[in-house]
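**Q** Sequence:
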Amino acid sequence: NALPPGAAIPDRHIHSAKCGLPLPSSIVQLYKDVPDTDGAPEDNPGQHNGRIRSFPHQRGNWSTYVYVPYTEEEGFPMLLCRLQKCAARSGVDLMTVPEPHVSLTRTVVLLHHWIDNFITSVRSKLGHLPR
1 NALPPGAAIP DRHIHSAKCG LPLPSSIVQL YKDVPDTDGA PEDNPGQHNG
51 RIRSFPHQRG NWSTYVYVPY TEEEGFPMLL CRLQKCAARS GVDLMTVPEP
101 HVSLTRTVVL LHHWIDNFIT SVRSKLGHLP R
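Going by UniProt numbering, the first residue of the sequence shown is number 1, and it counts up by one from there.
Hints are computed from structural coordinates only; laboratory data are not their basis.
Mixed in with the good hints, there may be bad ones.
As the list claims (entries may be wrong) - Ranges of calculated distance between the beta carbons of each label pair, as one might list FRET restraints:
#1 N117 <-> S26: 42 to 52 Å
#2 Q84 <-> S121: 54 to 64 Å
#3 P24 <-> P100: 49 to 59 Å
#4 H113 <-> V66: 18 to 28 Å
#5 E42 <-> S121: 28 to 38 Å
#6 V122 <-> A88: 33 to 43 Å
Idealized CB from N, CA, C, for every residue including glycine.
Let the hints inform the model, and build the full structure from the sequences given.
**A** This is the structure:
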């Protein structure tokens, strides 16, 4: 069923991205003051120390990463302060975090029903290591 060059595609082969019947005007009027955001929250870096998402929020996705907590030792706050001053001279603003840690992975996205299997897998791979 190949079409000759330049032939128009019959209408029955064209699919609209949005299919369905139009909503009755009474329903449209009922929700006219509700913003259409598709359920996605507005990304406002000002609410989280200027950080910008590396990927968009999607309902049902959970961001996670594997990390090892760092127990502060004597001299760490002084080292951190020196690093912040050094970075500031180069125009870089280093922020302190309330619970320092070493990330073992990048941020990964999990669907909710994957979380338990993910935890089980990480524990089986890392559980034998000393704490």
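**Q** Each hint: holds or not?
**A** Hints and how they fare:
no. : hint                     : in the structure
1   : N117 <-> S26: 42 to 52 Å : 46 Å, holds
2   : Q84 <-> S121: 54 to 64 Å : 37 Å, violated
3   : P24 <-> P100: 49 to 59 Å : 56 Å, holds
4   : H113 <-> V66: 18 to 28 Å : 19 Å, holds
5   : E42 <-> S121: 28 to 38 Å : 34 Å, holds
6   : V122 <-> A88: 33 to 43 Å : 36 Å, holds
Violation of the numbered hints given earlier is confined to hint 2; every other hint is satisfied by the structure.
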